[in-house]
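K.L.:
Chain by chain, the residues:
Protein chains: 4
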Amino acid sequence: MTITPPALSVFETLESEVRSYCRGWPAVFDRAQGSYLYDEDGHTYLDFFAGAGSLNYGHNNAVLKRALLDYLERDGIVHGLDMATTAKRAFLETFQNVVLRPRDLPYKVMFPGPTGTNAVEAALKLARKVKGREAIVSFTNAFHGMSLGSLAVTGNAFKRAGAGIPLVHGTPMPFDNYLDGQVPDFLWFERLLEDQGSGLNKPAAVIVETIQGEGGINVARAEWLRGLAELCKRRDMLLIVDDIQMGCGRTGAFFSFEDAGITPDIVTLSKSISGYGLPMSLTLFKPELDVWEPGEHNGTFRGNNPAFVTATAALDTYWADGQMEKQTLARGEQIEQALLAICAEHADADATYRGRGMVWGLEFPDPARATRVCRRAFELGLVLETSGPQSEVVKLLPALTTTPDDLDEGLRTLARAVRETA
Amino acid sequence: MTITPPALSVFETLESEVRSYCRGWPAVFDRAQGSYLYDEDGHTYLDFFAGAGSLNYGHNNAVLKRALLDYLERDGIVHGLDMATTAKRAFLETFQNVVLRPRDLPYKVMFPGPTGTNAVEAALKLARKVKGREAIVSFTNAFHGMSLGSLAVTGNAFKRAGAGIPLVHGTPMPFDNYLDGQVPDFLWFERLLEDQGSGLNKPAAVIVETIQGEGGINVARAEWLRGLAELCKRRDMLLIVDDIQMGCGRTGAFFSFEDAGITPDIVTLSKSISGYGLPMSLTLFKPELDVWEPGEHNGTFRGNNPAFVTATAALDTYWADGQMEKQTLARGEQIEQALLAICAEHADADATYRGRGMVWGLEFPDPARATRVCRRAFELGLVLETSGPQSEVVKLLPALTTTPDDLDEGLRTLARAVRETA
Amino acid sequence: MTITPPALSVFETLESEVRSYCRGWPAVFDRAQGSYLYDEDGHTYLDFFAGAGSLNYGHNNAVLKRALLDYLERDGIVHGLDMATTAKRAFLETFQNVVLRPRDLPYKVMFPGPTGTNAVEAALKLARKVKGREAIVSFTNAFHGMSLGSLAVTGNAFKRAGAGIPLVHGTPMPFDNYLDGQVPDFLWFERLLEDQGSGLNKPAAVIVETIQGEGGINVARAEWLRGLAELCKRRDMLLIVDDIQMGCGRTGAFFSFEDAGITPDIVTLSKSISGYGLPMSLTLFKPELDVWEPGEHNGTFRGNNPAFVTATAALDTYWADGQMEKQTLARGEQIEQALLAICAEHADADATYRGRGMVWGLEFPDPARATRVCRRAFELGLVLETSGPQSEVVKLLPALTTTPDDLDEGLRTLARAVRETA
Amino acid sequence: MTITPPALSVFETLESEVRSYCRGWPAVFDRAQGSYLYDEDGHTYLDFFAGAGSLNYGHNNAVLKRALLDYLERDGIVHGLDMATTAKRAFLETFQNVVLRPRDLPYKVMFPGPTGTNAVEAALKLARKVKGREAIVSFTNAFHGMSLGSLAVTGNAFKRAGAGIPLVHGTPMPFDNYLDGQVPDFLWFERLLEDQGSGLNKPAAVIVETIQGEGGINVARAEWLRGLAELCKRRDMLLIVDDIQMGCGRTGAFFSFEDAGITPDIVTLSKSISGYGLPMSLTLFKPELDVWEPGEHNGTFRGNNPAFVTATAALDTYWADGQMEKQTLARGEQIEQALLAICAEHADADATYRGRGMVWGLEFPDPARATRVCRRAFELGLVLETSGPQSEVVKLLPALTTTPDDLDEGLRTLARAVRETA
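Chains as they are written, first to last, in the numbering used here: chain A, 826 to 1247; chain B, 826 to 1247; chain C, 826 to 1247; chain D, 826 to 1247.
Hints listed in this document are in silico derivations from the structure and should not be mistaken for laboratory results.
Wrong hints could be hidden among the right ones.
As the list claims (entries may be wrong) - Listed next, the stretches of chain A that the computed footprint assigns to chain B, with coverage defined by at least 3 CB atoms under 8 Å from CB atoms of chain B: (1) 840-850; (2) 856-869; (3) 880-887; (4) 898-911; (5) 971-981; (6) 1087-1101; (7) 1120-1131.
Said to hold, decoys possible - To list a few chain B residues with every Cβ distance to chain C over 12 Å, as calculated: (8) 833; (9) 1061; (10) 1114; (11) 1233.
None of these values were measured; they are calculated from a predicted model.
Even for Gly, the Cβ is constructed at its ideal location relative to N, Cα and C.
Can you build the whole structure from these sequences, using the hints too?
P.N.:
Here it is, written out as structure tokens:
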């Protein structure tokens, strides 16, 4: 496929220099369906990025689309602040019946504003309020968002520098395997907590991703997560799982922490919760933590009812039984086999891979290689992104609904891109 | 109208105690059209709140709805991160042609995530980065959002307490007329700036609303705004106008600061910018301030393309000429007359009113009265909210598209509610 | 007097650039007695600076010297941490009998480390602990010290910049007459406190100097201080008077707040409390505020016993009756007359003067003039310093024990210096 | 020895509850000479605490006393701000000739106010100013002082809580052997620094004690200190050695870091620098770091000239040759032998000992034991203190001038106290 220069002028002249993804994918996209994006010049792209994990059911999923169109056509409430609406009730009931009850999760549900960072801000506020402490522990290479509260517990130095003020009240701890297995899990964290002279302000909460998506597809082991949950309980800290990118089935189960058998105190969801790429987010917490005063945290768009409609349809369609989870795990094996083959073929490049469910990373010791692979893949019609502190990891995040054939095609294109960037 | 108890159970058992508006309006809303809301029990409500200013063109505006449905039906990109899309280009071009160029405004446009607080966070980050200083000056009774950066420049003590950490780096100054005319404008602020011993950390920027919506419908005079702009320029501080609630025509002109003849360095827009109540926000700034690095601030939903579609339709429909502005000012006079009459009728209650365009406040010295008025109005089928630090102000925020007859009906209902709560 | 270049080389090569006073007074001082300093080149200087207020009883006061020598000779405890010692008991008993009881002041006494900034740090810690709040209100042009806690409530921008971190948790309010009488006292402060939407974090305490020495000899009126005390009481904030420079009789009474008839909750003393220029400081507070845990604040040199010995001797010698206070007021009148004459003589320079007791300031609209006056005075054998944010005020701070003749000589030298710098 | 109840009433009624040492040593001390303290009831105590390390040459050392008395008698300058004085010049020249030059140390000398915490505050300010960064790395169980800047890098949770505000800008790292040898030195620290996604704000400086006195007599190995110095250099961080307690010969060499062969960028000295227990402190730094503006950091008592006099005498007397260092090491061996014997005798108590030069710790797994040992020792006429986060370590800090016989007596008393508290 040849890319003719797209007509980008207004983006280049009027939009801020802060724009980023559009720089790596120089095309003007027009339509999308399932796993495919179409630009205005007639090119087709297989999407292995899925809106950074916001499109687990693919672009413009037909079932969700029907529900959304019906709702809009009949003038259902679109903007609802935090008023009670029929669409919100349907979502709440479905979320309770399809997600919470079968998993025996006791959570209360908060609509904190429809972006991930807002869900994290609400989680941190609540943890601080409940515990009466200000300190939060996060992990190396964590990503939790761009507003000041979330940014303070995000690892990336470049993003942090954007704050313009010193980011405080957060302390990083080593994520699973950060020290390459040389150190027992939580040795440092535990010592800091038990020692009254350690200098660590006693944390209100620990915030963790089970797999760090932006941080480089770093996968926490189930036993590490259990160890963390146990540590939090023993040391009177709340455990917040930020499941914004890894929740909604990305790793197989609906919540990414289910496999580990833990029940976090607070969970954040966003990205794929609406199912259709519409802004929506949730902060879930154990009922005894629901000490909010009415209106203590609010936001104009926390009642984005069209998102409730597609979210309800998505839960009904994909999560009423265990099929989706099984399928994701099967697709995951397909990806793993392909990555195994790529790494074997390029043993000289010392590439490694890791992942779970349908989120995978392919890391190159030479960080520039990952960027070159993604660039070449795009030329070949495959949308891929890098992640990790030095953009050293090619990140695979296809829609969960990607067909085995499409998955195969994309993985072959990836293999070719790796080959052609050697 | 009699309100039968609505079926609220799942909201009460599953949703967090943080919910607020739904408590004052005990109904389950189902549909909406123009200035009317309909609940599932068959009741109709005239809406004088308009999604806290997010629905300037009414609920489910027919023109915008058509554009939205067409776009969704043809599988236009829904979730676009910050990729270039045809819908985004159309919005940018229209925003440039209809809004920026006719007003000779040189702004670059940033999509910072689709909520108001995210637009404010981006504005504050940018100001700090540009000036290399951390301090921000805000005003008494300001409201800028709930994430930590925005909350630190928000006045409300109850909201601030929710942070769970000391909110720092912001210093409040008196808003226009805060000291009841006893003090020359900016006397205190100017002295702090000119005195090297004042103890004020030199501010990077000043953030201001032209009318404080949440703060109690406090209206800044044009000369005060000009004085502030002049002070900022002279003292090398950036001027940020948070036009999230008052922009998009609420006061008449598209931007609420146009009448004052000032050009802020940074402007935030959200709420009614999409026109359809869909999450969207913009941070605008002078081109010389565009020092962002690519990706230095990001967010999953900053490319909410359906919102771009309705935003484009709204600009084309309502802002291609000066009709909307004239109409808003005319409707504003209608409201003012009614408030004048109400205050005259209840001279004993010492009520006062104030406002501009189609945003008005009716204040009672007895704060409980405002809440009673809103409650009674709801029983009478009128949706109204209070604002101000003690909820002492009845806030009128009808859609700009409200017909004179509907406006008249609502104002008569308000008058009755005032009468019946005497 | 001609100043031959003093032998300063080791100071210039080995001592840090941070040295300051020595730059304005290029001499190597060797001995001192009463109001006179003697340099190693045989020059004599009349001292109108008195160790920045640390030598209220003059240099090497003979009575104190005898007590000190006796104590050292008999091997009294020199370094005592916070152990009970006979010297400390003598001081405590004398302080109680001579200072606290006659004034009906109920204070507990804390030895917080022997410098002023340490006394302020202890005061701020205690206030925050008692009230459970972090915010402190200070005043424009306040000076409280150089360690981070004290610096955060100090006004001078140059000193603040030295912190290297944003100084937070403090908010400046206008000192008495800061806005030139255009604004009623405490109008702004009171509004901020009463308004739940003002954005001011509720303060734990207010810290104030009755006369701002470093800030430019700004004298608070007694009624302003009473208004402040009343405001603190009514709004549940602790009142801290930093009496480090103005206490120990500088203004006439032992405490500078006595004239105003107020009883601060917390008082800091240092500088002249030892009487001999030895490091010592006290933090005094009402007994109900004594919620310290043992050792919660400590410091190696808080038991500088030689200072206790001279402090005891000073209290016994000068404060057993009311003579010192009367004498100081009389000397103050002598100074005032001289300043009146100087200002009258130089009406064209628009100089103004202000002060109380034996602390006075002579301000020139042209800031450079004050520095020139002090430089010329030094050449003429008179040690004087400037103060104020732009060093625009010549500060008169002679020892309280200065004889009328010496005072007269110094004032005539000052008049000559003013004349010769016209 | 029987302790009759001392006359403590004024201490108990007038002095704040914050007093601490006096609680463990219920006596009123009157005189002191060399290694002995005498209370007013005629009891004699052998001092193994030495003013928390401020009395390395013993109480009221005769040589220093003579110099001090002479100076005071001849009316030498006592309070000198930062004026050039003959006493200060003598000190600077002696410090240069006796301390800096022979060790080839290039430091500039700053007099930051006469307490340890002030020296640390100055060091931190300077490091932040030089590097333009706010973050500081400190170590577990560090102790640097009680003012807010120093307290933020101090480990003890009880002391930190006294701040009343969240202490930020500091991050603790594991001190040498903190993780019991399970982790390679600096593994965690190095990973945080090299990883752009670690979340650690890049530090301006690292502050470290070579032996943590308050933290429990934790001794850093020379190779660990060298590793730290190398890491600081490689990662562009300044190395601050806080030698307030361990400097001035406590470990043998004048500076405690000499053995490791490192040259810190900044060094703080206080406690024994005056030699006589008089308040004095120094901040030393490499000349290229001397970016202070005149007066950017100041303090009333930074020119405590009597301390300069005794400091000069102490350097001249004890540091002109290498005798003191040799003697300290020999005395240290004497202590070590005694501790070895005590631990062997009480193998069941699992006591361990550690130390260097003349600073040693005897740790008991049962923390209450250490307190009991000190209490019993005091009854037996030996002044001893505990240290460590749980006061679990008996701390031996005798004057460097303690005779072998006195040392032996004290060690035998300690052995008896251990025996009698079994």
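K.L.:
Of all the hints given earlier, name the ones this structure violates by number, lowest first.
P.N.:
Those not satisfied: there are none.
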